Each structure stands twice: as structure tokens, then as C-alpha cells.
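> This is what each chain is made of:
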Amino acid sequence: MHTATQKVARFGLLTALALVLGLLDRAIPLTALLGGAAPGIKLGLANTVLLYAVYLMDWQSAVFLMLAKVILSGLIFGSLTAILYSLSGGILSLLVMLLIRRKPESGALCAGILAAGAETMLLIQNPHPGGQRLWIVILIGVACAVCVAAWIAIRKGKIRGVPGTSIAGAIAHNIGQVLAASIVLRTPQLLSTYLPVLVGIGAAVGTLTGIVAERVFRALHMNPDKPEGQKK
Amino acid sequence: MKKRNSFLRTMAALIVMTLVMGGCGYRHAKASDLPKQTRVGYYLDTVITLTAYTDQPELLDKGLEYCGEYEKMLSRTVEGSDVWNINHAEGNTVTVSEETAEILRTAVKISEVSDGAFDITIAPVSVLWDFTSGSQIIPESATIEQAARLVDFRQIQIEGNNVTLPAGMMIDLGGIAKGYIADAVKAKLEAAGITSAILSFGGNIVAIGLKPDGSPWKVGIQDIDEPTGKTMMVSLNYGGSTVTSGIYERGFTVDGVTYHHILSSETGWPVQNELASVTIFSDSSLMGDALSTAVFALGTEKGSRLIESMDGVEALFINRDRSAAGTSGLGKYMEEGENWITLEQPDSAEKTEEPLTLLIQVRESDPAPGYILLQSANEQGFLALPIEGEVTRTIRQKLDDGSEWLNVILMTPEGFCMIEADCEGHDCIAEGEVTLENMKDRLLWNMVICAPHRLTLSLYTKEEAIQISRQWLGY
Chain A
116 MHTATQKVAR FGLLTALALV LGLLDRAIPL TALLGGAAPG IKLGLANTVL
166 LYAVYLMDWQ SAVFLMLAKV ILSGLIFGSL TAILYSLSGG ILSLLVMLLI
216 RRKPESGALC AGILAAGAET MLLIQNPHPG GQRLWIVILI GVACAVCVAA
266 WIAIRKGKIR GVPGTSIAGA IAHNIGQVLA ASIVLRTPQL LSTYLPVLVG
316 IGAAVGTLTG IVAERVFRAL HMNPDKPEGQ KK
Chain B
782 MKKRNSFLRT MAALIVMTLV MGGCGYRHAK ASDLPKQTRV GYYLDTVITL
832 TAYTDQPELL DKGLEYCGEY EKMLSRTVEG SDVWNINHAE GNTVTVSEET
882 AEILRTAVKI SEVSDGAFDI TIAPVSVLWD FTSGSQIIPE SATIEQAARL
932 VDFRQIQIEG NNVTLPAGMM IDLGGIAKGY IADAVKAKLE AAGITSAILS
982 FGGNIVAIGL KPDGSPWKVG IQDIDEPTGK TMMVSLNYGG STVTSGIYER
1032 GFTVDGVTYH HILSSETGWP VQNELASVTI FSDSSLMGDA LSTAVFALGT
1082 EKGSRLIESM DGVEALFINR DRSAAGTSGL GKYMEEGENW ITLEQPDSAE
1132 KTEEPLTLLI QVRESDPAPG YILLQSANEQ GFLALPIEGE VTRTIRQKLD
1182 DGSEWLNVIL MTPEGFCMIE ADCEGHDCIA EGEVTLENMK DRLLWNMVIC
1232 APHRLTLSLY TKEEAIQISR QWLGY
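If you read the sequences in order, they're chains A and B.
With our numbering, you'll find the first sequence wraps up at 347, consecutive numbering, no jumps.
With our numbering, you'll find the second sequence wraps up at 1256, consecutive numbering, no jumps.
Hints are computed from structural coordinates only; laboratory data are not their basis.
Incorrect hints may appear among the rest.
Derived, one-sided and incomplete: chain B residues facing chain A with beta-carbon distance under 7 Å [said to hold, decoys possible]:
{"no.": "1", "residue": "Gln1156"}
{"no.": "2", "residue": "Asp1208"}
{"no.": "3", "residue": "Glu1212"}
{"no.": "4", "residue": "Lys1221"}
{"no.": "5", "residue": "Asp1222"}
{"no.": "6", "residue": "Arg1223"}
{"no.": "7", "residue": "Leu1224"}
{"no.": "8", "residue": "Trp1226"}
{"no.": "9", "residue": "Pro1233"}
{"no.": "10", "residue": "Arg1235"}
{"no.": "11", "residue": "Thr1237"}
Fair warning: this is a prediction, and the values are worked out from it, not measured in the lab.
Glycine included, every Cβ here is placed at the ideal spot set by N, Cα and C.
Generate the whole structure from the sequences, applying the supplied hints.
This is the structure in C-alpha cells:
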């Protein structure tokens, strides 16, 4: 059904879309909204393109799109170091999304558990948070509840599984980035202090992008449960 | 015509450079318990006064003996001295002492940075002039012109202790030897255990430590119009060197023109510019001595640019019209109430930047309220927070391709923040301030991270910093 020309055109379109959404991610000052306190966090709208690929294309295409997005946006907007961070996040995130795309409810559950763990860790470090920490503790608490709710909703068939996969992917992306950063910066203390924050934020933004992706799929009349790779 | 006696001039310089030593306090029990001892000698055409707080006055006698020994080695006129040997080698290579070689190397270095304004090969010209006997004879201009052609420091070849000078050329260490000897005598006295002393070698003053009461030494700077030795300004010396070169030191006046001992290496005539004296504040008197001559010859504009480009050196310029100007860091060396204009240096801010030194070991006795652990691609170590006020420090990381990563932090006794960075995004600046108070409520905890520059700065209390440095040192 698909000619090579169509395939090339489609990849070009998706890559361009990912880059534009990446630009939008940069333009939305999420870091500034949190008072500059959490460097490197983004909404992750570009991830919707990868979600599309994960659900509606084969895994090779998804990997190709991820690499194209990371390398191109790194070369255009960032530096070599930036490519290193996002590559590490991108690989881990895509791996997780490909693994759980058929079991998205487990993604939501894992995310909920991780968010709860992150919340606990933050509260152990500082039982009486104030300022930035207080906001993030509340945010993670809400994200944790949303993840659990998503898990239940997906299991009961109330919603499609896309948000579950999206949340898991977002958290995995953040874990990958912090891992790379702690190695490059030689600062293992990042894992205990900043990782819980990023896991919580990942759960929150993953829910948002997941809902966006789900809406897009619905608007385009695509069924994520019937990937094109399988229909002949 | 006005006659000036050289001995009187030297005595005048001595009196002016005599130090206003106030009453001794008792804060530093050690030095203030010791008696003040003074020895005076006459070497290098200069009255040398060594004053120290010590119960071993024989050390000062030793100090004067050193002056005599060095004079023999470095004098142009003493037969068999290193300098005499070089000047009389007729172009052959001469092996000199380690000390002479060191002085020559420093002299050539200053000659290079001053573009020849200071030049020890000035001797063929300086022998034509007689500033000391009072004869007041102005040499023939043709003779001076001929002699000036022989002045060129680039012709000196120094390889290890072997020195070669083309035949006909001559060197004179007059502009640098006193500085070297001052440093050497200071080092010997320090090694012998003296902790508080002030040593006067005519225009060169060097101090060991502070006064016994813990205050800086006061060094008077001679009034340029008062040959009797009145002080025009008072400068401070914190255990370093203060060197003044002025047109009043050695010279004579004919028909209203002052012929003084600072000769232009280009023309062979006394340097005539707006300056009456230049004072250099530095650690090394050897450098200070050479620089005072070089800067005088360069004039205020070029001279101050040269000084601003050097670390830990400042200059005071006194003009013939009695106005005064100084380099950007001069304030530290001048007593309150002294008036001078700080010279504007467009690029001085960058050049006077303090080098970044990282501590590896933090000790219990250190006074800083907290420490910043700096971890970059190439180094790690601690920066101490200031005890009071605000301090900015620049962190530069040199890259293989020659470019540089730049981050500037502002430190206070409470904490720090990033105020400048040439990374993309400037997340590190947005991360805001870390203090010992707020770090538990920050998302990044105690850290400020500049991820593109691979730079992490984390704040620690003294106790934590001691723990970390112990882990590094393995105990």
C-alpha cells in the first residue's frame, strides 16, 4: 500500500513535526514557571510524535525518528553535550515505550509507584518542605494520584492506553537524562537529590502529553490498537 | 645653574624613605617583644638602612655584608665582576654565576614587555653622562647618538649560565641590581627567622611581614620639588616591595632643563615626559626596580597599560605639575586621604581578575562560613565563601579547540549564585541562589548546575567540606 516515496515523505513530515514541537517545548518556559528551580525540564510535546510512531509504525521507524529528532535538534539548537543528555533519555524512553505499548496499564502503575517512591524520598530528605520543594511535593502527589487513576481507568477500558505509555516514557526519559548527567558531570549526588524531582515531574508532564496524543489519534481517526504495520 | 650634591641627595632619599613607625601595639606578642635594631651601610652608591625587630642584631650586619658581596659581583666598574667580565669579553662567551644569569633573564623579560623602554645595554650611553660628581657636563649630541646605536637588549644571548654580548656593547645593571639585592637580603633575613623588618636601599624599600602591631609599614614618597626630602604622599607596604624612580634622584639642571639619570634607550638623552616620579608596588623588588625605570620611560599611558597587564603589581605616577595618577588596584597601597586619579583602563577588568585556586583540604581552623565544591570536566576542589561582603569569581574552562567556557559566580557569606555564563539557555543563572539556609527547600538541593559546561557547584557547610576533603585525602 505504501510506496517508498510515501514513506520518505512521511518520515520527513514526522521529523519536521518532532523538530517543531521540540522548538515549542523550548519556547514554553516550564523551567521559568517553576522559578528556574528545575533546569532541563520540558513539556515533552515532541514525544507525541514518538508515541505516534510507537503505536502506528514499526519499531525500526520509531528508533529512526528518535535518532533523527535528537541529533537534528541537538545540532540546530544545542551542543554536543546536549545531544549526549537527550540521546540517553531518548533511548531509554523509547525502549520502555516499545516494551509496554501492549500493556500500557502496567506503565501507569509503575509510574504511580515510582512517583510515590519519589515523593517518599523527597519527604525523607526534608520532612518540612518549603518554597520550591513544597510545590513540587504537591505536584508529585497529584501526579501519583493521576497515575493510579489512569491505571484503573485503562484496566477498566474507560480510556485508551496511550497516556500510560506516555507517562512511562516520560519518566524513563528523565531517568536516562539524569543518569547521563550524573556520569558526565561526575556528580552521583544528582541521583539522590534531583532524580526524585524529575521522576515526579516526568509523571506529571507524561500524563499531559499522553492525553494530547490520545486526542490527536482520536481526531485523526486512528486506532492505536491497530498499528498499520500489522494491517496488510 | 643649580648645583646638586650627590651625597646630600642620597641622604635626602634616605630621610624621605625613612619609615614613619608608630608606637608598637601588643597584638603580635612575638615581634613586638623584640627590640628594634638598625644598621646602616653605604653600598651601590646608596645608603642602605636595615631595620628589624630581632634579638640577633648580628643578622643585620650579615645583611650588609651580603650587600658588599653582591656589589662586587654586579658592579660594572669592579674588575673581575660578572658584569665587568661580560663587558670586556669582546664578543666571547662568559660563564656567570647563577644569580647574575637570573638577573639578566629578568632584565631581558622586562625589556621585552616594555618594548625596550628598560634596557640594560644602556651602558655605552650612561657612561657618557655624569650625574653624580656634580660636574654638570652635557655630552656632545653626536657622541650620544653614536652610543645609542649600541643599545639593543635583543643582542644579549643567555644560555644557562653562559652569556654572550657583541663586542662594543656594554651592560649596566644599575636599574635592577638594587632590587635583586633587596630581595636577596630579605630572603636571607626571613630564612634566619626575622618576621618584621623594613629594609631601605635608597629608592627601593622592601619589608618583611607587617609592623609588630600588625599594621602595614608606611613608606613616604618624596616631594618631587623638595630636594631636602619632604614627603609628598604616604604609601603602605604589606611585606612587599616599594620602588620609586624619579628625576630628582640623580641629575642636574641646566638652563631650566632637568638632566636626570633615566635615559631613553632610543635617543640616549634623559627621558622628558610629563612624569616626575613613578612608584611601583610589587612582591619582587627586582621586578619593581626594572619596572619603575621601564614605566617611567614609557610614560603614564603606555606604562599603566603595562602594569595593568601584570598580576600583583600597581603603579603610582606623580607628574611634574604635582598631579598624581595610579593603576586600578593602587588604593590598597595608599594611605587614606591621599589624592590621585585612578587611570581608566578599558581592558583592565579582565586582566586584574584573580586566578581561581581550588582548595583540596579544608581545615577546622579555616574561617570561611561555608564551601562551594566545584566539579568541572577537568578539576574539582573547594572555593571558600567570603567572611564578609560579596566576591565574584570567574570560572574559565579552556577547551581543546582554544575556545573557552565562562561562568561567573557571586559569593556571599551565606551562599552563592551564578550571575554570568556563556552557555546556551542560561539555566544555571535561572537556578537562583543557594544558601546554607534555603538549600533544603530547593529542587536542586545544594547545587547549581551548568550542564552544557559540565560544571556543578554544590554548597557545603565547613563540617561537610572537611568530611569530603578527608575522603579525597584518604583518611
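> Next step is simple, just say for each hint if it's right about the structure.
Status of the hints after comparison with the structure:
1. Gln1156: 6 Å, holds
2. Asp1208: 4 Å, holds
3. Glu1212: It holds, given that the least Cβ distance between Glu1212 (chain B) and chain A is near 6 Å, below 7 Å.
4. Lys1221: 5 Å, holds
5. Asp1222: For Asp1222 (chain B), the interface hint holds, since the closest Cβ of chain A sits about 4 Å away, which is under 7 Å.
6. Arg1223: Hint on Arg1223 (chain B): holds, closest Cβ of chain A at ~6 Å, below 7 Å.
7. Leu1224: 4 Å, holds
8. Trp1226: 4 Å, holds
9. Pro1233: 5 Å, holds
10. Arg1235: Holds, because the Cβ-Cβ distance from Arg1235 (chain B) to chain A comes to roughly 6 Å (cut-off 7 Å).
11. Thr1237: Holds, because the Cβ-Cβ distance from Thr1237 (chain B) to chain A comes to roughly 5 Å (cut-off 7 Å).
This entry satisfies every hint, going by the numbered hints stated previously.
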